[in-house]
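J.: For reference, the chains in residue letters:
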Amino acid sequence: MFKRLICFAVFFSAFTAFAMAEELNLKEVATGVFVHQGIHALPDRQNHGEIANIGFIVGDRCVAVIDSGGSPAQGLALKSAIKATTKTPICHVINTHVHPDHVYGNIAFKEPGVSFIGHRKLTQSLAARAPYYLEKAGRDMGMTLKNEDFIAPDKSVDSIMELDLGGRKLILTAHGPAHTDNDLSVYDDKTQTLWLADLLFMGHVPVIDGSLTGWLKELEKLKKIEARLAIPGHGPVASEWPKAAEAETRYLEMLRNEIRQYIKQGKTMEQAMAQVGQSARGEWQLFDDFHKRNIATAFAELEWED
Amino acid sequence: MKTKIYIKSFCFLLAGLMLANMALAAGEEDAAWNNVLKQKYFGDRSIDESTASIELTAPYRAEDPALVPISVTAKKPQSPTDYIKTITLIIDNNPVPFAAAFHFTPESGKADIATRLRFNAYTNIRAIAETNDGKLSMVKAFVKASGGCSAPIGADLEAAMARMGKMKFKLEGDKVSLNQPNQTQLLVSHPSISGMQMDQISRQIKPAHFVNQVKVSFNGKPIMSAETDIALSTDPNFRFYFVPDKAGELKAEVKDNQGKEFSYTQTVSP
Ligand SMILES: [Zn+2]
Numbered sequence: 043m044f045k046r047l048i049c050f051a052v053f054f055s056a057f058t059a060f061a062m063a064e065e066l067n068l069k070e071v072a073t074g075v076f077v078h079q080g081i082h083a084l085p086d087r088q089n090h091g092e093i094a095n096i097g098f099i100v101g102d103r104c105v106a107v108i109d110s111g112g113s114p115a116q117g118l119a120l121k122s123a124i125k126a127t128t129k130t131p132i133c134h135v136i137n138t139h140v141h142p143d144h145v146y147g148n149i150a151f152k153e154p155g156v157s158f159i160g161h162r163k164l165t166q167s168l169a170a171r172a173p174y175y176l177e178k179a180g181r182d183m184g185m186t187l188k189n190e191d192f193i194a195p196d197k198s199v200d201s202i203m204e205l206d207l208g209g210r211k212l213i214l215t216a217h218g219p220a221h222t223d224n225d226l227s228v229y230d231d232k233t234q235t236l237w238l239a240d241l242l243f244m245g246h247v248p249v250i251d252g253s254l255t256g257w258l259k260e261l262e263k264l265k266k267i268e269a270r271l272a273i274p275g276h277g278p279v280a281s282e283w284p285k286a287a288e289a290e291t292r293y294l295e296m297l298r299n300e301i302r303q304y305i306k307q308g309k310t311m312e313q314a315m316a317q318v319g320q321s322a323r324g325e326w327q328l329f330d331d332f333h334k335r336n337i338a339t340a341f342a343e344l345e346w347e348d
Numbered sequence: 007m008k009t010k011i012y013i014k015s016f017c018f019l020l021a022g023l024m025l026a027n028m029a030l031a032a033g034e035e036d037a038a039w040n041n042v043l044k045q046k047y048f049g050d051r052s053i054d055e056s057t058a059s060i061e062l063t064a065p066y067r068a069e070d071p072a073l074v075p076i077s078v079t080a081k082k083p084q085s086p087t088d089y090i091k092t093i094t095l096i097i098d099n100n101p102v103p104f105a106a107a108f109h110f111t112p113e114s115g116k117a118d119i120a121t122r123l124r125f126n127a128y129t130n131i132r133a134i135a136e137t138n139d140g141k142l143s144m145v146k147a148f149v150k151a152s153g154g155c156s157a158p159i160g161a162d163l164e165a166a167m168a169r170m171g172k173m174k175f176k177l178e179g180d181k182v183s184l185n186q187p188n189q190t191q192l193l194v195s196h197p198s199i200s201g202m203q204m205d206q207i208s209r210q211i212k213p214a215h216f217v218n219q220v221k222v223s224f225n226g227k228p229i230m231s232a233e234t235d236i237a238l239s240t241d242p243n244f245r246f247y248f249v250p251d252k253a254g255e256l257k258a259e260v261k262d263n264q265g266k267e268f269s270y271t272q273t274v275s276p
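Keeping their order, the protein sequence lines are chains X and R. Each residue of the first sequence is one higher than the last, beginning at 43 in the working numbering. Each residue of the second sequence is one higher than the last, beginning at 7 in the working numbering.
Wrong hints could be hidden among the right ones.
Residues of chain X placed beyond 12 Å of chain R at every Cβ, according to the derived structure [what the hints assert, rightly or not]:
| no. | residue |
| --- | --- |
| 1 | T130 |
| 2 | K266 |
| 3 | R323 |
| 4 | R335 |
Taking CB as the label site, the calculated pair distances span [claimed, not checked]:
| no. | chain 1 | residue 1 | chain 2 | residue 2 | range |
| --- | --- | --- | --- | --- | --- |
| 5 | X | D231 | R | G179 | 54 to 60 Å |
| 6 | R | K174 | X | K285 | 37 to 43 Å |
| 7 | X | A316 | R | D180 | 34 to 40 Å |
| 8 | R | Y128 | X | E295 | 33 to 39 Å |
| 9 | R | R51 | X | A316 | 53 to 59 Å |
| 10 | R | L184 | X | A316 | 50 to 56 Å |
| 11 | X | A316 | R | A253 | 30 to 36 Å |
| 12 | X | G184 | R | G140 | 46 to 52 Å |
| 13 | R | P213 | X | E325 | 42 to 48 Å |
Calculated from the structure, these hints are not laboratory results. Since this is a predicted model, take the numbers as computed values, not measurements. Beta carbons are placed, not taken as given, at the ideal position from N, Cα and C, and that holds for glycine.
All chains, full assembly: derive it from the sequences and hints.
T.: Now the structure itself:
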């Protein structure tokens, strides 16, 4: 019986992934701020890359989507969830950074009157990664994407942008290289909610695809923001700020300090990848999937420090 | 009952298809090499698949596909009469399979080379050694791509661009040991842009910009030189040996495909 269920699951996920938009679970973490909680998993054929926290904020005049989802189907699911929640039209899709689990739902929102907003470096990063991501989507998730599914921002944030949704103001900040080189955070003035997306990982081991020292620098600045709640890209829908960043900061500082030591002692990247920070394994999910790669990225950055 | 049988056979069919795919992939692993690449890079020369002359160390999984550490170790020291002239690295399923060709001399001491490469797919990497008698031998390793959001692109290109041309040599200690192989590491800062991108997104062309030539000498004598391509990681890194006979100058001369030239010297003493 169990086998039979699995088989059915395989059957359905393989053939109906794009046909049916599953209902999306959303939680209103503050007035008008809705978040769908992702799962701690690598993108694969079962979850279709629908792993990140995504959601939207509702104003009097406009809805702003914050990250559109990990697949076109999840984008559609988010869109219908928005329609079921409010009559207010969707005016903006904010992409917090280039990673597929945050942007592959974009295509579901593409229509006149909707603007796509991202960091000034998002377009270039997307252009460079798209050919590789396209292939990877097929290989890892069995997802056939077309060039048109990659939607670059039509409005880009140089440093700070204010977005008036009617009765509430969002402050979008373009950060220096941290999680990626195109991270954008969103601060909702009305509820003092700081939507950090992948600048904040909780439970899921942080992934460095930008700059380790840059990330720590941005965290220092972010911690000074008086927010009631922070929304991570991976983890619970909302947490107390800046307490929410403690574990991530500890992990990144540990990596920085240990790798600096390795470099000072003349050790190689391979040695560092095998040994650094293994004691932190128990604290994080997906540790074995990302920790070594974090070391490689951080090592290549830190060896240029002196 | 009937449905159950039907479902079961469907499951078998699925499993069968998956297995067939995997078997196909296993058989096809060497297809690109056998059908195209060997001829392209080595013509009709015979290549002996053997670990007699070199060993290749590659991770089973490319943790960061932009920075995969690869090393080739020579089985024998270099001698004036018996030495490895060239080690070529080919990554079968990369957009440009030729990654690099490293040239050594008897003065290299040991024809070991370690570097960091980009991997775009599940693929074999091959190291082909040519000894001074003109014989070719090959070792290979299979590297799986990693999951997650990473891509074979530098994480912070702006930082690499800002310090482009900056170089460093790193020795194992403060001093070199005379008349024996000493390991050194050459770090070159360069963004290493592959030029591959989806143009309709960026609406502007970002031409390839990568290091294509490296020459390292000690007191004017060549130790290691290389032709390289877009598989080199951002901020290329090379680890190799040289045999100093006295104090002197390590010199690196690097060129990129846009005609930029960089050089750097560092004094070493026993
Ligand atoms: Zn991310």
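J.: Are the hints correct? Go through all of them and say.
T.: Hint-by-hint comparison with the structure:
| no. | hint | in the structure |
| --- | --- | --- |
| 1 | T130 | holds, 30 Å |
| 2 | K266 | holds, 24 Å |
| 3 | R323 | holds, 15 Å |
| 4 | R335 | violated, 4 Å |
| 5 | X:D231 with R:G179: 54 to 60 Å | holds, 57 Å |
| 6 | R:K174 with X:K285: 37 to 43 Å | holds, 40 Å |
| 7 | X:A316 with R:D180: 34 to 40 Å | violated, 25 Å |
| 8 | R:Y128 with X:E295: 33 to 39 Å | holds, 35 Å |
| 9 | R:R51 with X:A316: 53 to 59 Å | violated, 37 Å |
| 10 | R:L184 with X:A316: 50 to 56 Å | violated, 32 Å |
| 11 | X:A316 with R:A253: 30 to 36 Å | holds, 35 Å |
| 12 | X:G184 with R:G140: 46 to 52 Å | holds, 47 Å |
| 13 | R:P213 with X:E325: 42 to 48 Å | holds, 44 Å |
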